[in-house]
Amino acid sequence: LSLAFFALSGLDVLNALDSLSQILKEDTIQWIYKLQISLNNDGSNAKQCGFRGSTDIFFDNMDPASPFYNSHIAMTYVALNCLLILGDDLSRVDKDGLTSGLRALQLDNGCFAATLNGSEDDMRFVYCACCISTMINDWRGIDKNKAVDFILSSIGYDGGISQGPELESHAGSTFCAIASLYLMGCLDTCLADKQSEILKRWLVNRQIDGFQGRPNKLQDTCYSFWVGATLKILGLYDCIDFERQRQYLLSTQSQLTGGFAKWTDTFPDPLHSYFGICGLSLAREFDLLEIHPALNITMRAYDHLQRLS
Amino acid sequence: MTSSNIDECKSDYPASILYRHNSKWADVTPIEQDDSLTSVVRIAYSEKFKDVFDYFRAVIKSQEISERAFKLTSDAVATCPANYTVWQYRRKLLKDLKKNLFDELEMIGNFIIEEPKNYQVWYHRRVLVEWLQDATQELSFTAEVLQDDPKNFHAWQHRQWCLNVFSLWNNKDHNELAFVTDQIKEDVRNNSAWNQRYYVINNTTGFSDEILDNEIRYTWHWITKAPNNESSWNYLRGILNGRRKAYLHPNLKSDCLYLVSQEVRSSHLLAFLLDLFEEELDDVNNDIGNDYKLQLLAKAGEFCNDLSDEVDPVRRKYWKYMQRQLINKFGQCDSLKINGDPV
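Chains as they are written, first to last, in our numbering: chain A, 1 to 309; chain B, 1 to 343.
Hints were generated in silico from the structure; no laboratory data involved. Hints are not guaranteed to be accurate.
[Said to hold, decoys possible] Here are the computed lysine to any residue pairs in the SDA-like style, where the Cα-Cα straight-line distance is at most 25 Å: (1) K98(B) x A78(B); (2) K50(B) x A26(B); (3) K194(A) x K293(B); (4) K144(A) x L86(A); (5) K25(A) x L37(B); (6) K92(B) x F68(A); (7) K245(B) x D193(A); (8) K48(B) x K98(B); (9) K71(B) x Y69(A); (10) K117(B) x E106(B); (11) K47(A) x Y119(B); (12) K25(A) x S36(B); (13) K34(A) x A58(B); (14) K194(A) x D283(B); (15) K117(B) x L218(A); (16) K98(B) x F68(A); (17) K24(B) x E64(B); (18) K217(A) x P150(B); (19) K194(A) x D238(A); (20) K200(A) x A298(B); (21) K194(A) x Q332(B); (22) K194(A) x Y182(A); (23) K200(A) x K117(B); (24) K337(B) x N290(B); (25) K117(B) x L271(A); (26) K24(B) x L93(B).
Looking at chain B on its own, in the form it has when it is part of the complex (with noise of 0.2 Å):
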């Protein structure tokens, strides 16, 4: 018998045969969890739970290594899947009784997908497929899990493993960008799918010229198209960070000042603006005459109050704040001065 689905784990396991009245069992006498000095948190454990762990304390103790040991453990993980030692004295019986790991990783695959969001089961594959040498089925298995729940950071978790140790970002039957570019266009505003873009573009090709031109590109289209959308502008301010300075660009600050003169009321927007021309007085600061640089740290002060007062009023104090922070690098001017409530 195989423990190949845990549907069948349980159908074994109706709740009228309990383990101690199971006569396979009979030679085995089942372990109390120990809760003499437990005043606080007295767990109600139900007589189902209480049974299959009394005889996983038995066989831990004992050390048994057999067929029933592991049913055993199909019954305790059912029962409570987030006991890290019931998993790991599981992957004991697995190498020593040399079960069948592609079983397993069926089984594990519908745990999954029943549990989701639980660390020990991602875990458990992931050891699976390392055992296995073998990823073949983990994009399509990933791929499966985030149709239900697009950002499930375990399986954006899991699919960066893959994608890492056995090198799958691009063969015959697969290339990550794409499926990345599918996330995006699915749900622009999928904050997990932009990092996967970022992951992949950092780990292949690297943002050259050539790609960092037609990211910026590609990201200005789903910007136009939900401007307020904070996934898209963090991922064009983090691929610009570093490499190259936005208000070089030969179109990022005209766009921008359209959208703006075209009543576009998005926070992200003006923060970006106010990024950008933060950036270009940190370096005309010395240089250039103070006429240009007084219009900066105007249009500076202004984007800080309509974000103050009007487009992000959750975020008030925090844009009065960066008003502070700009005067203190570069003096203050008419739309840039000490007042309004302190923070």
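With the rest of the complex left out, here is chain A (with noise of 0.2 Å):
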């Protein structure tokens, strides 16, 4: 599913959705549906409600109380993306089910795992549970209060946020923290402005030529999305260098079959790719459409979103 995300998300912002069929459209939302884990009659699967990523343990006629026949927190999340990009109205959409999964993935100091029976938890599944309870527009499945705790303890002494306390501060998690809280309604309230000023000197000090993910570490095609994400939302994009930021993720495209690379004569791959667009979109280059920065789809396919609610 992540692939199929990858694919149909990057298709939209190159404004290139209709070069897939109706028809195409249409199995591709079937194919998602059959990867939901919906509530069975007695309810006794309410913890494994969600979608999975692929049919690989699926087979005819299966209880949706197998054991290990468990959802997917980030598959729950790019299932309802390429939904909404497909078009779907979401009404298939187990609601009662992917809150109850969501509840039962919950830590007591707010993080969340990723699947039952056994995962690492960390700030990437918080942002799975904001985005997949900002787009069924239902938050039964957060406790807000710990989850914002749990961010919050996971500031660093450097100002950026890492995936759990006391852990490095890192890009990746730090947009996941920011746009949670953003989604949550309370990213003006939970971040004191010293804080805030802090993070956003960590965030544009992450900027090379293209960008990096921490302190003296390379630079990386994703980390335009990452980083410029954070600081869309936080309001601060505009002070990037545009021009470097270009150079460099045109440098790591790849001149033989197309697609962006994470770094310069690397070979490309799909999430370099898609994130490699995504950053010139933030940019607002190249006539790419616009991104929702929090939820990672185009600014189209949130509008439709808007228009389901």
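Could you use the hints to bring the two separately framed chains together as a complex?
Spelled out as structure tokens, the structure:
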């Protein structure tokens, strides 16, 4: 499903979704819904509900309460993204199941795991939970206060934000944290002015030509999104050096196959291709469609979501 | 047969012997992946991949608990190390079959060395350590991984978890602060090592006055060696924040200004001074007379100009933004005026 998301959202940002036939779009929607684990009759699988990433362990007539048949929070997130991008009305999304599934994944300290029965927990999944809740417009799945506490406790001594308390600040987790606060509607109240200013400094310091993920690490195409989108949310995106970023991003493009890589003279891949064009979209370049910096879908798809509520 | 070594798994599974040709699995009906609706992302699985997972699906369906199922999970994780479900089922088998967890620890250690950025293998190791309640190998293991990649996030994260849960900070065999000091000496630009330093002190002695003085001296030593290193400046600012005001420290302001006078062109140096002056301005704003305040403001303005015009051109627009912030807070002066390109 994540590969489908990079492809679909990538085409959307390129304003090329209609290069896909209507039949293909509808088939894809069907496939995505097949990956949904909905509440069964007695609700015994409530904690498992959400979406899986593929039919890897799916078989005919399987009991939706099968042990190990658990949803994955990041797959639920990209599933909803893909459905919106394809113009689906989300009417077949089981909100009761989804929110039960989310609740089962939130820990006491406010963080989220990705899946039941054994998974790491960190800021990535807090972000997924917030996006999911935003898209279904139903916040029963998250204890917001605990989630906020977890985010604030993950702010590092350098003003950046980490995957969890006391770990090294990282642009990816910083994006996840700030986007989450934004989606929960408490960015302005949760982050003191001084904290916000130190964070902005940390973020702008990530630019070399392109952007890096941590101090003294190499620049990498995808950080043009993680850092760029965070700056966009904080209202400071226009302070970056557009020219240098554009030159770096275009230098990571493959002349042979198209697509973007993390570095120059490296093989391209779907993730970096997608985030590369997102980086350029944030900079409003090349007539790319505008993206929603927190949800990571086009504003076109977001407008569709707005019309659904 | 144990599966303590993934190479052993792989050599027991040469491409020619597929599960579907293996007589020991003749009683099991493989289940193909349901790709009936998949028009997008049709993955071209290799024959081996398909074979392993056809049988894994069958085993998950029947919930078979057996040695051969355990061996199957070895092949499945070797084929696709990122599949959560396989690792989860393997952990169930480890418990139900009462497998030797130290053998498994050795296996996962070798796996991590091959796939050091995979989340699932690190999580699996953490679970094993939890089950065993034994972290005696973890510091040397993470140190081994960090030798290959001193900034590996998973290694540092696992290390922090072990230090915390098992209180491994300081004993006759090990001192974490000494380890961190070595890492910084090895590469002063290793941001992960500086983060770990903060973590260790925060969780052991805390930043008492004496420790803080020591850390300021320590950090300043590394700043003079590498004045453009963001990590050490971030650490300096971080340890002072909320504990001590930089401008009140007996030496910091003068030491920094000395570096400037020696033409050390470091954006972090100038930014630190800018913050220092701003902090002082915050405190004196209403108290002291205008002259002193104007002096401070003039200096701050100069730093902004130097940064945006010469020392840190990448962030030119940001330093202009900082200028505007200062003006909004404290008013204008000769070096601090609203001019130049609007952002």
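Where does the structure disagree with the numbered hints, that is, which hint numbers, in rising order? 4, 8 and 23
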